[in-house]
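Student: The chain contents come next:
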Amino acid sequence: MASAKQLERPLEWYNRYARHLVLDQVGEQGQATLNAAHVMVLGAGGLGSPVAMYLAAAGVGVLGLVDFDVVSLNNLQRQIIHGTGDIGRHKLDSATETLAEINPEVKVHKHQLKLDRENIWELIKAYDLVVDGSDNYATRFLVNDVCHQAGKPLVFGAVLQFSGQVTTFTREPDCCCYRCIFPAAPDPEHAPSCVEAGIFGAVTGIIGSIQATEALKLILNSSGNVTSSVLKNRLMLYDGTESTFREMALRRNPDCPVCADPEFDFRQVEYADTCAISNGRAITSEATVD
Amino acid sequence: MSVQFEFLGPLRQLVAGADSVGVEAGTIDEALQEMDQRFQGLTAKLMGLDGSLHRHINIYVNEEDVRFREQLATSLEPGDRVTVISAIAGG
Numbered sequence: 002m003a004s005a006k007q008l009e010r011p012l013e014w015y016n017r018y019a020r021h022l023v024l025d026q027v028g029e030q031g032q033a034t035l036n037a038a039h040v041m042v043l044g045a046g047g048l049g050s051p052v053a054m055y056l057a058a059a060g061v062g063v064l065g066l067v068d069f070d071v072v073s074l075n076n077l078q079r080q081i082i083h084g085t086g087d088i089g090r091h092k093l094d095s096a097t098e099t100l101a102e103i104n105p106e107v108k109v110h111k112h113q114l115k116l117d118r119e120n121i122w123e124l125i126k127a128y129d130l131v132v133d134g135s136d137n138y139a140t141r142f143l144v145n146d147v148c149h150q151a152g153k154p155l156v157f158g159a160v161l162q163f164s165g166q167v168t169t170f171t172r173e174p175d176c177c178c179y180r181c182i183f184p185a186a187p188d189p190e191h192a193p194s195c196v197e198a199g200i201f202g203a204v205t206g207i208i209g210s211i212q213a214t215e216a217l218k219l220i221l222n223s224s225g226n227v228t229s230s231v232l233k234n235r236l237m238l239y240d241g242t243e244s245t246f247r248e249m250a251l252r253r254n255p256d257c258p259v260c261a262d263p264e265f266d267f268r269q270v271e272y273a274d275t276c277a278i279s280n281g282r283a284i285t286s287e288a289t290v291d
Numbered sequence: 033m034s035v036q037f038e039f040l041g042p043l044r045q046l047v048a049g050a051d052s053v054g055v056e057a058g059t060i061d062e063a064l065q066e067m068d069q070r071f072q073g074l075t076a077k078l079m080g081l082d083g084s085l086h087r088h089i090n091i092y093v094n095e096e097d098v099r100f101r102e103q104l105a106t107s108l109e110p111g112d113r114v115t116v117i118s119a120i121a122g123g
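If you're matching them up, the sequences are chains G and F in order. In the numbering used here, each number is its position in the first sequence, counted from 1, plus 1. In the numbering used here, each number is its position in the second sequence, counted from 1, plus 32.
Hints in this document: simulated from the structure, not taken from any laboratory. Among these hints, one or two may not hold up.
Claimed, not checked - Beta-carbon label-pair distances, calculated as ranges: (1) S107(F) / Y15(G): 56 to 62 Å; (2) R10(G) / G111(F): 52 to 58 Å; (3) F69(G) / E109(F): 47 to 53 Å; (4) E62(F) / R252(G): 22 to 28 Å.
Glycine included, C-beta positions come from ideal geometry on N, C-alpha and C.
Turn these sequences into a full structure, and let the hints steer you where they fit.
Tutor: So this is what it looks like as structure tokens:
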């Protein structure tokens, strides 16, 4: 993480972060570390909304938002960073305004593009960690693979219908990666899209808020002040129909095609869309490692 | 005593929305075949034509991934809790 500079801080700083500053796990040093952190948030949608809003409110210094879409009416049931007046605008413009209103001290870098293996490497280098709020398998596998290769911690979250999954890949030697859990994407006939299957909006708030908490804790842990446990090698499952949380034990797969292969290079992998919809049908699928 | 299977998230529709399904079986594979009699098409959604688990499906016996045990041949004991999940990608 970038170093936290010792600065003369205005009274407003103490006031804005007062509820953080009294926490043993944060304090002035931790808050300064948050202020110096650079976090990339993939997607300004259902998950990206609460993630970016909480990270901004917490004072994360630089937020890099990645999205290429425009706001639609059917986004607003869950994408709370946007409002009705934003329909038709680029999501990054809308999101940046909301974040500036929450905390004008936070710098927002807008990356209005679709991530691919040609552009992701340069982009990701500028950030300390990545929070994945994307909406398709191809991006999720790409981001996992690149974060592994770049040694960037990744906070994973995903939702469908009333269910959510969240975990943190810390990049420590004993930590699994996404492909250790799910080696490949489903075939299209086994992968209902968000459009077809639906998402209960508030579930994105629950999972996104946990992702934001994980990201903030990763940053604070890096300061070495007080460390707290993150979801390393633990898959948290939320079931909104039963209002239950479950946890599954994860471990590194010794045969993982990514993190168990010292020769792995994401540039050799074909990543193709899964969740994309064309004429009501999912178009092609896999993100595979040969 | 039977083993309780829970299908989470979108997979719950495979067992007609049941919270859990009780099965008397010695292995995961036997249990899935038994459940397929009750819930037609269940195994086809979880396994490929070669009889192995789809790579986007995970089965946990008492929170332990069967991929790190004996896969579908993983033995079951009375009282075990089996959880079946699928990869999801929505955001």
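Student: If a hint holds in the structure, say so; if it doesn't, say that too.
Tutor: Comparing the hints with the structure gives:
no., hint, in the structure
1, S107(F) / Y15(G): 56 to 62 Å, "60 Å, holds"
2, R10(G) / G111(F): 52 to 58 Å, "57 Å, holds"
3, F69(G) / E109(F): 47 to 53 Å, "50 Å, holds"
4, E62(F) / R252(G): 22 to 28 Å, "25 Å, holds"
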